[in-house]
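> Put chains W, U and F on the given structure of chain E with help from the hints.
Number of protein chains: 4
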Amino acid sequence: MIVVLKPNTRPDAVETLVSQLEEKGFKIHISRGEEAMVLGLVGDTSRLTEESFLANDFVERVMRVSSSYKLASRAFHPDNTIIRCGNAVIGREANNARLAVIAGPCSVESREQLITVANAVKAAGAQILRGGAFKPRTSPYSFQGMGAEGIKLLLAAKEATGLPIVTELMSINQIDLFDGVDIIQIGARNMQNYDLLKEVGMAGKPVLLKRGLSSTVKEFLMSVEYLMAAGSRDVILCERGIRTFDSYTRNTLDISVVPWLQKETHLPVIIDPSHACGMSWMVPTLAKAAVAVGADGIMVEVHNNPPAALCDGEQSLTPDVFADLMRQLDRYAALEGRKLLSA
Amino acid sequence: MIVVLKPNTRPDAVETLVSQLEEKGFKIHISRGEEAMVLGLVGDTSRLTEESFLANDFVERVMRVSSSYKLASRAFHPDNTIIRCGNAVIGREANNARLAVIAGPCSVESREQLITVANAVKAAGAQILRGGAFKPRTSPYSFQGMGAEGIKLLLAAKEATGLPIVTELMSINQIDLFDGVDIIQIGARNMQNYDLLKEVGMAGKPVLLKRGLSSTVKEFLMSVEYLMAAGSRDVILCERGIRTFDSYTRNTLDISVVPWLQKETHLPVIIDPSHACGMSWMVPTLAKAAVAVGADGIMVEVHNNPPAALCDGEQSLTPDVFADLMRQLDRYAALEGRKLLSA
Amino acid sequence: MIVVLKPNTRPDAVETLVSQLEEKGFKIHISRGEEAMVLGLVGDTSRLTEESFLANDFVERVMRVSSSYKLASRAFHPDNTIIRCGNAVIGREANNARLAVIAGPCSVESREQLITVANAVKAAGAQILRGGAFKPRTSPYSFQGMGAEGIKLLLAAKEATGLPIVTELMSINQIDLFDGVDIIQIGARNMQNYDLLKEVGMAGKPVLLKRGLSSTVKEFLMSVEYLMAAGSRDVILCERGIRTFDSYTRNTLDISVVPWLQKETHLPVIIDPSHACGMSWMVPTLAKAAVAVGADGIMVEVHNNPPAALCDGEQSLTPDVFADLMRQLDRYAALEGRKLLSA
Amino acid sequence: MIVVLKPNTRPDAVETLVSQLEEKGFKIHISRGEEAMVLGLVGDTSRLTEESFLANDFVERVMRVSSSYKLASRAFHPDNTIIRCGNAVIGREANNARLAVIAGPCSVESREQLITVANAVKAAGAQILRGGAFKPRTSPYSFQGMGAEGIKLLLAAKEATGLPIVTELMSINQIDLFDGVDIIQIGARNMQNYDLLKEVGMAGKPVLLKRGLSSTVKEFLMSVEYLMAAGSRDVILCERGIRTFDSYTRNTLDISVVPWLQKETHLPVIIDPSHACGMSWMVPTLAKAAVAVGADGIMVEVHNNPPAALCDGEQSLTPDVFADLMRQLDRYAALEGRKLLSA
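Residue numbers (the numbering used here), protein chains in the order written: chain E, 1 to 343; chain W, 1 to 343; chain U, 1 to 343; chain F, 1 to 343.
If you are wondering where the hints come from, they were derived from the structure by calculation, not from laboratory data.
One thing to keep in mind: the hints can contain errors.
Said to hold, decoys possible - List of simulated lysine to any residue pairs, SDA-like, C-alpha gap at most 20 Å: (1) E/K122 <-> E/K263; (2) F/K198 <-> U/A148; (3) W/K122 <-> W/E60; (4) E/K205 <-> E/L71; (5) W/K339 <-> F/R331; (6) F/K24 <-> U/A308; (7) E/K24 <-> E/I82; (8) E/K263 <-> U/N251; (9) F/K263 <-> E/A55; (10) F/K263 <-> E/N8; (11) W/K198 <-> E/Q174; (12) U/K218 <-> F/Y141; (13) U/K24 <-> F/S31; (14) F/K218 <-> F/K263; (15) U/K263 <-> E/P284; (16) E/K122 <-> E/R111; (17) W/K6 <-> U/A148; (18) F/K70 <-> U/K263; (19) U/K218 <-> F/P284; (20) W/K6 <-> W/E60; (21) F/K339 <-> W/Q328; (22) W/K6 <-> U/E60; (23) E/K263 <-> U/V321; (24) F/K6 <-> F/S31; (25) F/K24 <-> U/P307; (26) W/K263 <-> F/N251; (27) U/K205 <-> U/R233; (28) F/K218 <-> U/N251.
For reference, chain E alone in the conformation it holds in the complex:
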């Protein structure tokens, strides 16, 4: 950590700060320039915040050199984390590794709907079934999901198809219902619900964490760090679009996050093109971009009858469009030494 002091800082103020830091176990390098004096801190700075220094009025600026996430950092864990879940393998294990494809309806609406869609996405090559039982809706008057009953239907679909399931947990009080769930999803609006992260981190299951609507990549990794500090090893990072000044798409897909995160962390990174654009006709195009930038998987909303969907029909693919997309994406994956479909 580098602390820049203002030009005319009084020597005793410097001394006091330095001795406080030395008491906490840091070594301090002092460098005096014309415009500023610079303190370099050596030691484990992950417990320090930049802001705490700024409460001293003689501190001009603070810059963190090493990252404040450790467990999530590739520097700490150079090899890719590989998450196994049913037949699915999430993360790049080796050349020719399959991408993870997670598909299913936005919300679980009925047994028939879910099984129909589950069979369809399985046939098309998806390895994991998604479906919302607890739904975070902007309006309290919108359909809030089937709740516990929805989880039961997901478990039935899992049994019927053999597909592992991922579904969103919105409150730790629902955790007992999630026994048979394979991957716990934490939604974008809960990315900084730290109490939930701490509890889910202790659940011993893979977690799919969606990036918050206006979360920086560093805040995203700090939320991963909450999960990992609580015990999680298997965290899947999911980019689902961010909020910007324009609204021609539901959100703005920040595609650059994939290479950046893959450099910075050892964890798999996937893209959810459905929520990113919010328009079914654009989903296949963005899915291709996701594969082209090397995402470790995609998560796509599929519905057997989009106009009748209780949620997100406007961004759901029909099973036919999805199956066609899978064949196209497989060719894209091949260009990067990976594949989407089993041989």
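Same frame as chain E, but now just chains W, U and F:
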């Protein structure tokens, strides 16, 4: 609600949509133009989402005419909501009504610190004490607050000073600890933690809801609506700065939200200048702006020794600066027929 | 255009507005609902602004149904516009059409540098040479480009390699220098410099217009409309990243803009991955995404010695990396029935 | 300037960089930590860009310590700049200094309209008349202003009322028409039109520079620096709202910019509440906030018949509302030791 159909929509598609809507109890006005056909829906559209229409590929655009919040809307409840809490009255009851001033440290750190600050802010004219026991920190390695012990200290400070207390609830599992707390705060990061909102809405206490970092004013009111639909009547809306492209301030204070919300809702609206700018020297200036635009109150961080604060020292005022600010703000309030200090 | 009036608008106010609009030649459809009265305007609304209606206090909201751009709209001109320039063809003419590849240094620095890079990018398959002579720099103290001398060197490079050239025009007073320039570039900071657009629109040359840092897609198309209304037929739209709350990349590549614009306009759309991310190691990844989403071309910064570059060295590819990228991109293009390299 | 190198940078790379910098006249302080090596540069770094260092792959990060603006910096020029213009004085000269009030219609529409409004705003206490002759409109089909004829009418209004005038210049080719204009306005969309800034900087007149829609405060000051480096001494900085994710107001007034800029620069800072919110009913509220935060002036749109205005009628005040506002603002100014109205 107004639904614009694409120019060449087939008549049978229109018929199907119209009869589906009529079955749900809406009256439909059809207006045919050269460029588009427009359906006007009459009835309670608060359960409909704009998006659901867009799953039909012949729908061009959807526009909501009436607001989707009801309980929070001034149209529904024309008179100002007045919240009483100890000696404090939050909301504009009558001419010369006092503004609510909430002050205290970012986090509760010790009995001595809290009582010292509580006495100081009371002496300066604050009517409500703030202090965090459970702290949402970006890093899991930062100080997370004193937890249950912090709540106990807040209750002790309440007893010692007679000031009602407001403190943040991050998980519904902590609710039992909040028995003696006067106002429950929901933080910006939990503004769309809908499960928490539903539970807190049933707690029978005033709620101070902070606007999310990237929440539109409509989303903000929809989160209020979650609280009110669950039972809350007394909700205080708090603007604390939003996230934009610039970072010279910690957040960007969106001062215009005060007149807009006061027009749209009957609930009191307050400003937190400390989190908005993140720099103690700027807090008094923004507090004046808050009073000038007619905010119903302010919430300010005060610490007896900012450089030693465990959290947010850089944005905390000393008791002296705070006391001086209160006297200045009182003169600003007088220009709008209100006051800050008791006579 | 649809104008929603407030619930209790006085009949005479409605009458006045309607007769004013009828005088301007519009037909008005009136539809009365419980919550609002709606006026539907039929006629050429492109000269009306939404805001002008809002100056009447009884107008609740205004919604444009048809787009306010005409010449740029695909509705007006269904076939793809194809721009020919030297051997380059920009736009999708037919299956197997080549993508346009524009490459070269950020700024022209010397004859040797420019010819070296021009030969290298030509050999790798680029069809158009880029290079800045007039540079828009944030600081007046940074290198501002070689100016007229830089244009001369570009013309020399054009002669030496046969590659057509594109370079940025910042002021209409420079236009005489651009006689031999094949494509005039208007930079992101000048996207709404309307006087410049009007003049350049009369220049009779293809124009490459970069999207502004915080321009909506509609504003982008309105700036295109300025060019076309002034006479331009051949406009190339270039996405180069937008400004958001995060800064881990120089800008945020808004990849979704490609399919959206290609649906909305007949003009070619290209991506500049160099400015989008600002880091050379990420450029190839984003270039793949550009091809995967169907962009009609890419514009890439290439420098023979990036650390010594006077501008943007950190985002410039070396000729070797660029040549390797071209071979990879050719395989991506093939998946969409296009190609990058000549047979 | 501080340059952080990656942990395992090869010694010869460090040596090469250091000797290159020493050749350019910088003194280099090297500080070696566990995590990084840090170079501190002493000398005039205003010609260096942070990015140029990043083209070396062993550079981790670069931080500027001193600001890159000099002429605009208060460090360089500690006293407030005071701009005199007719009877108006812009900038805080002394206690009880008047705030500058600039008022008038969005666009000049006719002699009668302009003289009427000019007389009204003068009577209400405004010291400077505004009015647009050249209008930057999003659509080429919207009213573009009266042009040269509009300037003539402004000069006539100046003669009739004695008020100095400010009006927007969009192209340097119009400069001859601006002979009698007192203050040249550069609009938000041209804030980074550097060629225009350079030319206007040589015009020898005060310049009112509006902050760009998505310009950081540092970019804003760098554009001021362009003007000053070209010769301007008298620059007025105008905040008129920025672009964010929300659109309930036309733009988002960033009120915090006033204290920040006043600390950082010696130049006067004013607020344009009309463009910030875009709704006439909110303008007076934001104007109070502007005075409360210590702005050196305000710029307000006033029209004698807002619903008939050719531009921005929805945000224009009537003369009566404006006159009432002036009386209120005078009381706000008094609280900060200033005044709005002459005694």
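> Look at each hint and say if it fits the structure.
Hints versus structure:
no. : hint              : verdict
1   : E/K122 <-> E/K263 : 31 Å, violated
2   : F/K198 <-> U/A148 : 17 Å, holds
3   : W/K122 <-> W/E60  : 57 Å, violated
4   : E/K205 <-> E/L71  : 17 Å, holds
5   : W/K339 <-> F/R331 : 16 Å, holds
6   : F/K24 <-> U/A308  : 14 Å, holds
7   : E/K24 <-> E/I82   : 37 Å, violated
8   : E/K263 <-> U/N251 : 18 Å, holds
9   : F/K263 <-> E/A55  : 18 Å, holds
10  : F/K263 <-> E/N8   : 17 Å, holds
11  : W/K198 <-> E/Q174 : 14 Å, holds
12  : U/K218 <-> F/Y141 : 14 Å, holds
13  : U/K24 <-> F/S31   : 73 Å, violated
14  : F/K218 <-> F/K263 : 13 Å, holds
15  : U/K263 <-> E/P284 : 15 Å, holds
16  : E/K122 <-> E/R111 : 16 Å, holds
17  : W/K6 <-> U/A148   : 51 Å, violated
18  : F/K70 <-> U/K263  : 47 Å, violated
19  : U/K218 <-> F/P284 : 31 Å, violated
20  : W/K6 <-> W/E60    : 5 Å, holds
21  : F/K339 <-> W/Q328 : 17 Å, holds
22  : W/K6 <-> U/E60    : 23 Å, violated
23  : E/K263 <-> U/V321 : 19 Å, holds
24  : F/K6 <-> F/S31    : 13 Å, holds
25  : F/K24 <-> U/P307  : 16 Å, holds
26  : W/K263 <-> F/N251 : 18 Å, holds
27  : U/K205 <-> U/R233 : 9 Å, holds
28  : F/K218 <-> U/N251 : 17 Å, holds
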